[in-house]
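Chains as they are written, first to last, in this note's numbering: chain A, 1 to 89; chain B, 90 to 464.
Bear in mind the hints are in silico, worked out from the structure with no lab data behind them.
Heads up, some of the hints might be wrong.
Stretch by stretch, here's where chain A covers chain B in the computed footprint (C-beta under 8 Å, at least three residues) [stated by the list, open to error]:
# : segment
1 : 153 to 159
2 : 399 to 411
Sample of chain B residues lacking proximity to chain A, with all beta carbon distances greater than 12 Å (derived) [as the list claims (entries may be wrong)]:
#  : residue
3  : ARG131
4  : ASP138
5  : GLY183
6  : LYS185
7  : ARG200
8  : GLY228
9  : LYS266
10 : PHE306
11 : ASP313
12 : PRO418
13 : GLY437
14 : ALA440
Here a beta-carbon is modelled for each residue, glycine too, at the ideal position from N, C-alpha and C.
The residues making up each chain are set out below.
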Amino acid sequence: MSFDAERPYRLNPKVALRPEPFGALAYHFGNRRLTFLKTARMVEVVRALEHHPSARAALRSLAVPEREWPQYERALAALAESEVIDGRE
Amino acid sequence: MAASERLVEHFKTGLSAPICLTWELTYACNLACVHCLSSSGRRDPRELDTDEAKRVIDELQAMQVFYVNVGGGEPTVRPDFFELLDYAVGHDVGVKFSTNGVRIDRAVAHRIAAMDYVDVQVSIDGVDAASNDHVRGAGSFATARRAMDNLAEAGFAGFKISVVMTRHNVDQLDALKALADDYRAQLRITRLRPSGRGADTWDELHPTQEQQRQIYFWLLDRPDVLTGDSFFHLSALGAPLPGLNLCGAGRVVCLIDPVGDVYACPFVLHDRFKAGNVREAGGFTRVWRESALFTELREPASAGACSSCGMYDACQGGCMAAKFFTGLPLDGPDPECVFGHGERALAGVGAEERPSPGPGHSRGPVFVELTRRHE
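Pulled out of the complex, with its shape left as it was, chain A reads as follows:
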């Protein structure tokens, strides 16, 4: 199912995040893929997902300016595609 910012997400339980100077490195223990979260803010967003009823609510909670939402949502869609994040319920 394609990414929908109005739906709830979480960090995939098979994925570990390793903090790095630029943000974090995400490793999927199932498909063995490495993904780079390229900013510290993106890491915060990913970690916040599970505490909010939707991806957009997570962005709002971190006071990400609304004009930046499209770029975050594109990045989250890519992370959903590579199974770094997945839908809840």
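Add chain B to chain A, keeping to what the hints say.
Below, chain B without anything else, positioned relative to chain A:
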């Protein structure tokens, strides 16, 4: 695009832990390949024992090194190989190990196929016994094929077949790919380095300029062939090859050798590039994060003699190890520079200017046949 460029800049200044860590478990090897990077053969009596190796794995887990490339020597001849494999996987450290296949019988193949987070890479250096055994020794092709048969029969899809590219196997690229496809395996080709025993055979074996172009265009058409990013010096020919296209030594890459010495990359086993030892206080973590050598390698590099070349951004001056072991300055062209700058520089290097080899564990003189194999 801006974001990925910035990411590469971060890679140059180092990460909290390596992305690509190679761990050679033993110098013992049943083969004596003429290009062996680590001059392997005899076991070193100072080898890390089982408990010490497990402590290294504990550290890797704490540093979140998610997987290691295990090699040697022939790692599977260690009596505790499977104990360490189980321990690593049980501690969130996945393993891809390189083998010549000597221990991969049917039972072992089934055991490996049943494990999560374990990947296998079987080495061959030619598509038939004649061309492979010329480099790797008599009988080694049959051994590798038997291992591949056993892995395939055990249902291990997607294992890797790893080939070092030499003057004698560039024309076999299509056949090597077909062999990998037959096994539903993945082909991986890497660059021959003048390291270890390779220092003695590089002149004879390294691909010609024409063959380098052949490799480059072949790879451009086949992004599914793995390379370990080892051909980035070829990116000066045009479009960049997939991968990081930079020397990751001490920045995202390093090597732990069988006695625990930590080197900047798997191709520079030499005192000049030794950063420390995992047995020292602070262990591997401290070597990675604080050693003087790795700190130096994370400083901005000068393009040196390459600064006037318009393609420096593409090739980054090539491979540090290739330069070092052929006696070239580290801030100059790669010996296999696609524009021939390396060949011209090499012409001015006397044999006495090449560095001494690193730690050698050859089982005696390896008689290198410096004659062309008969077709």
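Going through the hints against the structure:
no. : hint       : in the structure
1   : 153 to 159 : holds (count 3)
2   : 399 to 411 : violated (count 0)
3   : ARG131     : holds (34 Å)
4   : ASP138     : holds (28 Å)
5   : GLY183     : violated (7 Å)
6   : LYS185     : violated (9 Å)
7   : ARG200     : holds (19 Å)
8   : GLY228     : holds (33 Å)
9   : LYS266     : holds (22 Å)
10  : PHE306     : holds (27 Å)
11  : ASP313     : holds (15 Å)
12  : PRO418     : holds (30 Å)
13  : GLY437     : holds (40 Å)
14  : ALA440     : holds (42 Å)
Going down the numbered hints, you'll see the structure goes against 2, 5 and 6, while the others check out.
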